[in-house]
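Got chain L; can you put chain W on it based on the hints?
2 protein chains.
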Amino acid sequence: MPTITALGFDADDTLWESEISYINTKEEFARLLSHFSSYEQVKAELDVIETQNVQLYGYGFKSFTLSMIETALQVSRGTVSGSLIGQILARAKDVLKSEIKLIEGVAEVLSELHERSPQYSLFLITKGELFEQQRKINRSGLRRYFHHTEVVPDKTPEAYARLLHTHNIPPEQFLMIGNSLRSDILPVVSIQGWAVLVPHPLTWTHETTPGQEVPAGRWFEIRNIRALPNFLKRFDELAGGNQSK
Amino acid sequence: MPTITALGFDADDTLWESEISYINTKEEFARLLSHFSSYEQVKAELDVIETQNVQLYGYGFKSFTLSMIETALQVSRGTVSGSLIGQILARAKDVLKSEIKLIEGVAEVLSELHERSPQYSLFLITKGELFEQQRKINRSGLRRYFHHTEVVPDKTPEAYARLLHTHNIPPEQFLMIGNSLRSDILPVVSIQGWAVLVPHPLTWTHETTPGQEVPAGRWFEIRNIRALPNFLKRFDELAGGNQSK
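Quick note, the sequences are listed as chains L and W, same order.
The numbering of the first sequence is the numbering used here, which starts it at 1 and goes up by one.
The numbering of the second sequence is the numbering used here, which starts it at 1 and goes up by one.
So here's chain L without its partners, still in its complex pose (with noise of 0.2 Å):
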């Protein structure tokens, strides 16, 4: 019979809204390019120059700036204001600089587990920029409810991996918690962790599609964050019955 020790919480989107910020900047971008091409052709194209320069920037929203003004000279063929890019400039600092808005639920129940520690460790596992996640966090209020916060480059199995065997924690008594079935399920799921996916309904479609299938029976799914404590409290029965499948 597992026993969980230790929860991981994966950040954007599951403890506070993340990819609101993108999809009401890509609106405003589209609307500021709307005189070179069209709504539509403009995010196609940033989408496009999005993924490509991902490899080489990471993830996070000043990429993602970078990115708006690679796309601005792109569809203008080079003509774009300099004022419109001051435009795009100052609106992702707006962004940066804007409140951290929590998902409903969150703090009373990261206060609720955190009262049950020893019970359970928790941590804050999260991707993309450091410096952007860290002022995020500090923001946030959330930091002291969590024993350690960890920013990985990629949400691989072997970040996973390395980080539990850092603090010495079991693969088997490790659950995550997230909304993206590639970042926050398949990879645990894959080290013989358990996971839990809470959806959310603006989820980035790179995340929804894990590019594989997820394996059933170490993995699953709960309406909002509201009933994680619950689903804890049963874990023992439900994880016994997808065992013993």
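Derived from the structure by calculation, the hints contain no laboratory data.
Backbone N, C-alpha and C fix where the C-beta goes; we use that ideal spot for every residue, glycine too.
Please note that a few of the clues may not be correct.
[Claimed, not checked] Only some residues are given here: those of chain L computed to face chain W with a beta carbon under 7 Å: (1) Lys62; (2) Glu70; (3) Leu73; (4) Leu89; (5) Leu96; (6) Leu130; (7) Gln134; (8) Pro153.
Relative to chain L, chain W alone:
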């Protein structure tokens, strides 16, 4: 008598050349803008904008690129052409893709110290942008020498203390090697660790001004990284001498 069991190495301008890319890029940038403003004024303006933006963007070449674009808008009063912005972006990509140039002696010294394991555990501890630094570490060919590599958002005493605590290393058994008084020497000395300054001719001025006096006694200076193995052989004697002062 202190015994060193763990060595921390800074990366940029300690293991490989870094500042030179910024210097060369700044010069090219100032040339690109030379019909708007003088070379010196462009560089001064960039320094101001870069320093302001560090609070919001953090360190790294992507932040630097966004600051260059902002500077171009500023010195041209918004009249800069799209094609010039395109040249800035292209230059940034070239730098991010460029080969890692190891500092002379680094590979030999790390290989020698690595062979002395388990006398020393080697840590690579660098600040900056996670993705950018991980890419450099991967491409440097040096990862195999390190027990652990860590990218921290900033090299504060707390960041070092947390890392040492996670790896169960008492600070008095830890020696940090780097080119920056501010980032590699002062914070480590302040938590009762040891440090060795290996000066680099191109150290960013931000790093050479520690902001406060560094108390003597727990840090040393060597001429170059090749002198490190001999320094370590004599460490007990040197540190004992300093302690009795």
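Evaluation of the provided hints:
At its closest, the beta carbon of L/Lys62 sits 5 Å from a beta carbon of chain W; the interface hint therefore holds under the 7 Å criterion. With a cut of 7 Å, the hint placing L/Glu70 at the interface with chain W holds, because the nearest CB-to-CB distance is about 6 Å. With a least beta-carbon distance of about 5 Å to chain W, the hint placing L/Leu73 at the interface is held under the 7 Å criterion. Because the closest C-beta pair between L/Leu89 and chain W is about 6 Å apart, less than 7 Å, the hint holds.
Annotation: interface hint on L/Leu96 holds; nearest CB of chain W at approximately 5 Å, less than 7 Å. For L/Leu130, the shortest C-beta to C-beta distance to chain W is roughly 4 Å, which falls under 7 Å, so the interface hint holds. The restraint placing L/Gln134 at the interface with chain W holds, with a minimum CB-CB distance near 5 Å, inside the 7 Å limit. At a threshold of 7 Å, the smallest CB-CB gap from L/Pro153 to chain W is about 5 Å, leaving the interface hint in force.
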